[in-house]
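Enquirer: Protein chains in written order, with numbering that gives the first Met the number 0: chain A, 0 to 268; chain B, 0 to 190.
Hints were generated in silico from the structure; no laboratory data involved.
Coverage of chain B stretches by chain A, computed from C-beta distances (three or more under 8 Å per stretch; other residues unrestricted):
id : stretch
1  : 56-65
2  : 72-86
3  : 89-99
Examples of chain A residues toward chain B, derived with CB under 7 Å:
id : residue
4  : Pro-5
5  : Thr-8
6  : Leu-12
7  : Leu-20
8  : Leu-27
9  : Val-29
These numbers come from a predicted model, not from an experiment.
Note that CB positions come from ideal geometry on N, CA and C, so glycine has one too.
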Amino acid sequence: MDILWPVFTMGALSLLFSLGLVFAYKKLKVYEDPKIEQISEFLPQANCGACGYAGCRAFAEAVVKGEAATSGCPVGGEEVTQYIADALGVTAEKVIKKIAWLHCRGTHEAAKNRGSYLGISTCHASHLIGGNKQCSFGCLHFGDCVRACPFDALYMGEEGLPVVKEDKCTACGKCVDACPRNLFELHPASQEIIVFCQSQDRGASSRKMCKNACIACGICSRACPEAIVIENNLAKILDYKKIEPDKIPEIEKCPTNSIGRIHKDKNEG
Amino acid sequence: MELVAIFVSAILINNFVLYYFLGICPFLGVSKKISSALSMGLAVTFVMTITAVVSWAINHWILIPHKLDYLQIVSFILVIASLVQLVEMFIRKMSPPLYQALGIYLPLITTNCSIMFLALLAALRNYSLAEAVAFGVGSGLGFTLAIILMAGIREQLDLADVPEPLKGAGIALIVAGIMALAFMGFIGMIK
Numbered sequence: 000m001d002i003l004w005p006v007f008t009m010g011a012l013s014l015l016f017s018l019g020l021v022f023a024y025k026k027l028k029v030y031e032d033p034k035i036e037q038i039s040e041f042l043p044q045a046n047c048g049a050c051g052y053a054g055c056r057a058f059a060e061a062v063v064k065g066e067a068a069t070s071g072c073p074v075g076g077e078e079v080t081q082y083i084a085d086a087l088g089v090t091a092e093k094v095i096k097k098i099a100w101l102h103c104r105g106t107h108e109a110a111k112n113r114g115s116y117l118g119i120s121t122c123h124a125s126h127l128i129g130g131n132k133q134c135s136f137g138c139l140h141f142g143d144c145v146r147a148c149p150f151d152a153l154y155m156g157e158e159g160l161p162v163v164k165e166d167k168c169t170a171c172g173k174c175v176d177a178c179p180r181n182l183f184e185l186h187p188a189s190q191e192i193i194v195f196c197q198s199q200d201r202g203a204s205s206r207k208m209c210k211n212a213c214i215a216c217g218i219c220s221r222a223c224p225e226a227i228v229i230e231n232n233l234a235k236i237l238d239y240k241k242i243e244p245d246k247i248p249e250i251e252k253c254p255t256n257s258i259g260r261i262h263k264d265k266n267e268g
Numbered sequence: 000m001e002l003v004a005i006f007v008s009a010i011l012i013n014n015f016v017l018y019y020f021l022g023i024c025p026f027l028g029v030s031k032k033i034s035s036a037l038s039m040g041l042a043v044t045f046v047m048t049i050t051a052v053v054s055w056a057i058n059h060w061i062l063i064p065h066k067l068d069y070l071q072i073v074s075f076i077l078v079i080a081s082l083v084q085l086v087e088m089f090i091r092k093m094s095p096p097l098y099q100a101l102g103i104y105l106p107l108i109t110t111n112c113s114i115m116f117l118a119l120l121a122a123l124r125n126y127s128l129a130e131a132v133a134f135g136v137g138s139g140l141g142f143t144l145a146i147i148l149m150a151g152i153r154e155q156l157d158l159a160d161v162p163e164p165l166k167g168a169g170i171a172l173i174v175a176g177i178m179a180l181a182f183m184g185f186i187g188m189i190k
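Pulled out of the complex, with its shape left as it was, chain B reads as follows (with noise of 0.2 Å):
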């Protein structure tokens, strides 16, 4: 029961977007087109959901027993930016449109707040291997959905008459502001 709940908690309640507004830098640069916002959403995910499992493992097997837990950013910092090289690489080989369409927000990853802010707080709550998993996959999930909602009211926003000051990333703030006070009527769902 206590996976469950930590894996919808991610997704839904304490969304990383909506909630602790984290990676909010591929959130409104990756949300014009649904597709390429479905493949960020991806990589985040796969990037997460490794960066849980390997962060547990060296946290657990490498740094608490030898009493090196100050290491824990640097050391996450590594898993990282190795992980979103391998993603980066990974995505040129299999699909260069998509690299393409992903950008510079392909190594971005690499310094989203809200994948570093993950592998701090599974170490930090002290989650067992299986609770870190489905925490990662949560959190990357909700971003998915996040981005995903952003962008498919991005599109439509394309063609509804916004005022000239608030164009672009104006009205993408409004509507990410608006979208986050619905996401926290899901707080009463999980005690």
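Isolated chain A, as found in the complex (with noise of 0.2 Å):
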């Protein structure tokens, strides 16, 4: 009957351990929401930051306490904020599906180069330069935003342009950020029409350095008074909804073709 002493002392000691345990956990117990792992599984896990808190999981944590919106994660989108939604018993907020677009059409061909730039090939250290470029506010084709990305959805075009895949952009933001020039801006997916164009400089100077550049003609402002503006030298949209679909033709007249449909651009290129 040798066997059983040990099994004996063994089945003893983890009891006496296992008691101790579930005392200490009854006295040290830390009351955790259940439904910030629920929703913090659910969520993308890229921890990208779009949010607007540390990762995912913070970002569960303030939509538990109800410090962040259902719909405060851009990278889920719909499904991810139908999910929050009903896991925390509220109404979904409404979701706009936005994608990052490039405000530039200044190709290699299109934008004149200010000299041969021999310095390290990204866009912030050329920027700190003054830029490889003429245009002082145009794309500098070094792709930092591409390497920013965390989602695979842009890309460095055969123009030196980079260009976005709107089947994966997610309106992180993250190129946004990365781009020294500011030439990316999300819109909703919904906007048809964008300008290419960031240049504030006068129309005569900015057409000598780059053929796509806005030269502020004011053909497109006045197709659509209400929704476009020229302001600073630069067509700006105000409101996208208020173009009209008949206006389409006549803004596209535009002679540097610095705004236009954003789809039309794609099937050609």
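Hints in hand, dock the two standalone chains.
Expert: Given below as structure tokens:
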């Protein structure tokens, strides 16, 4: 019956320790809302920070506390918002799907170089010394945005401009932050027309620097005065919803192609 | 005198990390910041001290009288695992940021070989209770000392120009090796 001794000893010891732990657990229990875990697991886990919190888990904590909106995760979109709303028992806020678009058409061909740039090949480095392009507003072609994109939604096109893959873009805003010239902006997916230029130089000089620069001629704002204005030598869309579909051909008469439909541009390219 | 010798030798001469090279996982994992290294060191010290006491009690009162010393390893594992659970609950309750900072390394104290080694060595050397406590506290403080020194060096190391292939764990292991060499100098201290 010697075999029973170790069994008995170990059994008694285990029981003793587990009772100790049970007691300690009762005393030291930390209550955590199980919803935090539940929501956290459903989030994209990209930890991109687009929601404004330190990561997916921090966002889940905030949303359970009611500090963050259910639609706060731009990456997850409608599906995640609906899930969070269901988990918390509230109505989902409306999600407007957004996409980041580049506001520049200064391709290698269109925009002239300032000289030959031999420095570090990042946009930030180039921007520090004023940029490798004559235009001081346009794209620098080194693709800081492509490297910043955590979702592989950007690639460097053949013409030297980053191209957005619409289906992959989650509007996390990393490219918006990465671009030293602030050329990216998030637009609602339903917005058809955007301005493809940021140059605030006068029309004559910006045209010399880049074939596709906005020269502030005003054709677009005359076609749609309530939606488009000219400000600082640049066309600006005040409210894209006010652009009537039948005015679009009118807007597309733009002599430099610096305003127009996003998707038409894509088909051509 | 014997107690002092055991204590000092556990801290400086037979330092678990730098002499036996035990417990390297948390030593490298949590030595990026001095504050979290200190907490880790104290958590390990606590677990080591209590392990020394409890394992001594189990060994002398239960295992040896019943000739069950072959159960040492299993029962010590039981002691260590329960203690780490306890520490984990305690830290989670008292300091959530610390709990976050220690991360996976806190439950990993369970599988930290240095604590098992401590319990087994104390049993092998047939320490008395007082000696076992001195050995446990000393070893814990030795671990704390090593991990804090390491964290101090690594905080400076972040600013240094480390060759690309050595960055991270590579340079950390080299630093640990040099520190171990330095600690060898203590060997002449106690006969």
